[in-house]
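Undergrad: Quick note, the sequences are listed as chains A and B, same order. Heads up, the first sequence stops at 510 in the numbering used here, and the numbers go up one at a time, no gaps. Heads up, the second sequence stops at 510 in the numbering used here, and the numbers go up one at a time, no gaps.
One should not assume that every hint holds.
[What the hints assert, rightly or not] Distance windows between CB atoms, simulated: (1) L383/A - A401/B: 41 to 47 Å; (2) V388/A - T389/B: 50 to 56 Å; (3) E411/A - A474/B: 29 to 35 Å; (4) T394/A - K371/B: 34 to 40 Å.
Worth flagging that the hints you see were computed from the coordinates, not collected in a lab. Even for Gly, the Cβ is constructed at its ideal location relative to N, Cα and C.
2 protein chains.
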Amino acid sequence: MIENNSLHRRSFLKGLNSAQLNAISLAAEEVTYEKGTLVFADDAPANMLCILLEGGVDLFYVTEGQDGKLRELVVGEINPDEAFGLSALTEPHVYRAAARAARRSRVLTIDAVKLRALCAGDLQLAYQLALRVAETAMDRLYSTQIMLAAEAI
Amino acid sequence: MIENNSLHRRSFLKGLNSAQLNAISLAAEEVTYEKGTLVFADDAPANMLCILLEGGVDLFYVTEGQDGKLRELVVGEINPDEAFGLSALTEPHVYRAAARAARRSRVLTIDAVKLRALCAGDLQLAYQLALRVAETAMDRLYSTQIMLAAEAI
């Protein structure tokens, strides 16, 4: 668990009341990842929702290039106060990209099984978090579309 | 309004009960767009949520190329049964891309002001729709990231 009083400052957790933040704090930990460390792999069960506190995290895929060699392609960059691992809150709860610390990073990790159990018993919490996932995914979709458009020019 | 009994078949409206579908049907219309017709412009107020029934819709931006000429860049393609205009359900309720019928298309349009009023009075409905927006945006983000990765190879 972590101190409850640090959670209310996180954008992703805005709109939650102190009882909800307190319940989440009991399911949360602060983890430091050294530069180059994998936070989670793609196709793995999405067992934690993450909020970056400090540092930087890259989201990436491993794909096969035309030369047959495996290449890592960064498809997103996470900045402090941004949430990632959003698949923890959407079916089928499997990460779609891998995440790695681009530099030494402090990450708030929230146990997804416990978080989903909290949501199952608190519709207002479930709604607020679903809305945050929607907003975050829409923002990320928009910036990814801009990157794609820039590639095409 | 449209016939309530056609709404329960739409993936985006799954999980809603018949009273909720009935309320939505009163705020919905079926509109046919001829090929090349604009469904909505980017930066416009997101005053309708759309579900494609038949045909095809392109999402696009207008950007300035290196030669100074304006170019339209398609950043997404909508297929039948898919929802678009998701900004109708996320703040600040402004479309981020434009949508145009790629061919003659039948679209279910739901009045966003009425839909948001229904959500304000029915937390379960608000939750279900927020979850659908989250899932749809995550799916679209994933396929856009794949397109971006393919450009980079």
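Undergrad: Take the hints in turn and mark each one as holding or not.
TA: Each hint tested on the structure:
1. Checked against the hint of 41 to 47 Å, the C-beta distance between L383/A and A401/B comes to roughly 44 Å, which is consistent with it.
2. A hinted range of 50 to 56 Å holds for the C-beta pair V388/A and T389/B, which are about 53 Å apart.
3. A C-beta distance of roughly 41 Å is found between E411/A and A474/B, which places it outside the suggested range of 29 to 35 Å.
4. Distance hint check for T394/A and K371/B: the Cβ-Cβ separation is about 39 Å, which falls inside the suggested range of 34 to 40 Å.
Violated hint: 3 only; the structure is consistent with all others.
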